[in-house]
Amino acid sequence: MAFLEVRDLKVHFPTDDGLVKAVDGLSFSLDPGQTIGIVGESGSGKSVTSQGILGLHRRTSAIASGQIMLDGEDLMTASNERLRQLRGDKMAMIFQDPLSALHPYYTIGAQIVEGIRVHHPEVSRSAAKARAIEMLGVVGIPSPRQRVDQYPHEFSGGMRQRAMIAMALSNDPSLLIADEPTTALDVTVQAQILDLMRKLQQDFKSAIIMITHDLGVVADMADEILVMYGGKAVEHGSVGEVFSTPQHPYTWGLLTSMPRLDRVRQARLNPVPGNPPSLINLPRGCAFHPRCRYTAEVADGGCSSVVPGLDEVSGEHLARCHIAAPRRTEIFIKDIRPRLRGEESS
Amino acid sequence: MFFYIVRRLISVVVMLFIISIATFLLFFAAPQDPARLTCGKTCTPATVEANRKALGYDKPLVVQYGKFVQGLYQDRLYPDDPVLQKAAPELVTVCHAPCLGYSVTAHRPVRDIIVEVLPISASIALAAFVAWIVIGVSSGIVAALFRGRFLDRLLVGLSLVGFSLPTFFIGVLLLVFVAIKWGWVDIPTYVSFSDSPVDWAKGLVLPAATLACVYAASYVRLTRAYMLETMAEDYIRTARAKGVREWKVIMRHGLRAALTPIVTAAGLDLGGLLGGAVITEQVFTFQGLGYTAVRAITETDLPVTVGIVIVASAFVVVANLVVDVLYGFIDPRVRLS
Chain A
13 MAFLEVRDLK VHFPTDDGLV KAVDGLSFSL DPGQTIGIVG ESGSGKSVTS
63 QGILGLHRRT SAIASGQIML DGEDLMTASN ERLRQLRGDK MAMIFQDPLS
113 ALHPYYTIGA QIVEGIRVHH PEVSRSAAKA RAIEMLGVVG IPSPRQRVDQ
163 YPHEFSGGMR QRAMIAMALS NDPSLLIADE PTTALDVTVQ AQILDLMRKL
213 QQDFKSAIIM ITHDLGVVAD MADEILVMYG GKAVEHGSVG EVFSTPQHPY
263 TWGLLTSMPR LDRVRQARLN PVPGNPPSLI NLPRGCAFHP RCRYTAEVAD
313 GGCSSVVPGL DEVSGEHLAR CHIAAPRRTE IFIKDIRPRL RGEESS
Chain B
716 MFFYIVRRLI SVVVMLFIIS IATFLLFFAA PQDPARLTCG KTCTPATVEA
766 NRKALGYDKP LVVQYGKFVQ GLYQDRLYPD DPVLQKAAPE LVTVCHAPCL
816 GYSVTAHRPV RDIIVEVLPI SASIALAAFV AWIVIGVSSG IVAALFRGRF
866 LDRLLVGLSL VGFSLPTFFI GVLLLVFVAI KWGWVDIPTY VSFSDSPVDW
916 AKGLVLPAAT LACVYAASYV RLTRAYMLET MAEDYIRTAR AKGVREWKVI
966 MRHGLRAALT PIVTAAGLDL GGLLGGAVIT EQVFTFQGLG YTAVRAITET
1016 DLPVTVGIVI VASAFVVVAN LVVDVLYGFI DPRVRLS
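Same order as they appear, the protein sequences are chains A and B. Each residue of the first sequence is one higher than the one before, starting from 13 at the first, in this note's numbering. Each residue of the second sequence is one higher than the one before, starting from 716 at the first, in this note's numbering.
Extracted from the complex, chain A is given alone in its bound form (with noise of 0.2 Å):
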């Protein structure tokens, strides 16, 4: 068994306008020293998802179902105490946005100080804080000794942002959970904080959720893709096959839509038609249909009214598409990749 299992995960929240199936049937496995990313629009679970392996949405207010099994243990049917003894030691977060995460009021050291000795009650505080001065040096802050005693907002974004992975490492996790951990930044800072972190995963063997919407990131940094559409895997496989043949029209329309610098300026980018799927009301059938611009390409409109499953395209590598993965390759061959290099002239 892999080291983290996810197995048909589910989170719903009853609201008054119905039940929000934010995650819905989630699977996914990763080991020590992997990463995988999974990616998705606003709203399309993968931030539930995360907080869900955490146990950081309220149990009252989520219905959740389904396995996390992490190292053996399942996590579904863990305690809330178990939970919070493994938040933060074995399994730990970086959030979005180190500004808003770290509390205005606590020096950076006494919030890495507070995280060691909840789940270290045995090390005195100055050996806490002589971890916690390592740490910030560890990821890469200058004169660690004056900064620990330091606010947060004293602290520039791309330094926070070290700051709150000092603290998420600072008790050595196995599993580390990164939320759109460069979102905030500016792009320069962007890749010092992921070239720190592919480096720090070298050191630690942790395995990696690297949660985010730029594709960029996960090319860079994953070894798996899961991109999640309405509360739902689309796509899954290793970073290879989904970057080279990818079999989604949804994963298509994320290709086409990102900025790049490598080729003539386009009239304008390729964002992906319409919006988000409301999570209460999903579409019938594939979520994906009322945006998809291939659905002629399926007999009788069965991308409305049946929902397609996950399945094999070649090995490890899934997709959720009612198009067969032959016709799906030459599609991608002949529509999408040409735009990908820029050989289109609209």
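Hints may contain errors.
[What the hints assert, rightly or not] Derived DEER-like restraints, expressed as beta-carbon distance ranges: (1) B:Trp962 to A:Gln214: 48 to 56 Å; (2) B:Trp962 to A:Ser326: 36 to 44 Å; (3) A:Arg210 to B:Lys963: 53 to 61 Å; (4) A:Pro26 to B:Leu869: 19 to 27 Å; (5) B:Val845 to A:Asp184: 43 to 51 Å; (6) A:Ile345 to B:Ala940: 40 to 48 Å.
No wet-lab data here; the hints were simulated from the structure. Where a beta carbon is used, it is the ideal one built from N, C-alpha and C, also for glycine.
With the hints as your guide, set chain B onto chain A.
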């Protein structure tokens, strides 16, 4: 920080200066002739003039104000005129600095009256303060944590009732039922702390409870609102993701951030209340600043009125300063800028 406090202290002095001028002018804007008020029905033109001279009301306004300000840092003698002092040395009264004038109605320096009644108001205010902070803030936290559930609705409902009922109603209600009908406590009287700390505390229970009811109600709502706001912040999620125990998340992370506006409100409310709780003191006939102010106004005892207004406004101004300085200690982002 140091220069900030110095700057604020200067503005406090300026503020008190302006308030003193305003209240002092009010004194003379009143339709009564202060000299005539000194003798009432027994007045003859001669006694009025004599008293006017004795109290210095015959001097120009600027001189009188100058003497008043001088009296704030220097002892004053009544009467001020050396000839009159010589004529009747046994009648000369010393008004120690800070002197706030001489009340003819009470035949005493205003300062002595205020020194006597201030501890009463301060006792009620402080006892009420402790009670409403403890009850209001803790209920507010509980309400926030149980948002939308029965306990929340109950606490918010009760606070609405407490907030809507006027002080005199709650006070009389407590007096009639708790003290008279059920006899749980004696009818409250003020005993000075130095005489008997136990009786002092006993006497304060009902007046403090009355005030605490009204204030606690608004603190429940205030604390609830700020707790809801901070508990939805990203850093609360971070604390949970670190594995911090939930009660510590609430107290150390949530309440800590919600504390700033609560401390602000608490400081200002306490400052206002130290100047006297007019209605509560009336209901329980505690002769504190509020009670004395009302009495002074109805008896047109102008020096006492002016004195109490200045003291009460000094509390408010100083409370503002204290809150601003505290702010810098609570929020590190304020400290540095």
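Now for the hints, and whether the structure bears them out:
| no. | hint | result |
| --- | --- | --- |
| 1 | B:Trp962 to A:Gln214: 48 to 56 Å | 38 Å, violated |
| 2 | B:Trp962 to A:Ser326: 36 to 44 Å | 52 Å, violated |
| 3 | A:Arg210 to B:Lys963: 53 to 61 Å | 34 Å, violated |
| 4 | A:Pro26 to B:Leu869: 19 to 27 Å | 24 Å, holds |
| 5 | B:Val845 to A:Asp184: 43 to 51 Å | 46 Å, holds |
| 6 | A:Ile345 to B:Ala940: 40 to 48 Å | 58 Å, violated |
Of the numbered hints given earlier, the model fails hints 1, 2, 3 and 6; all others are met.
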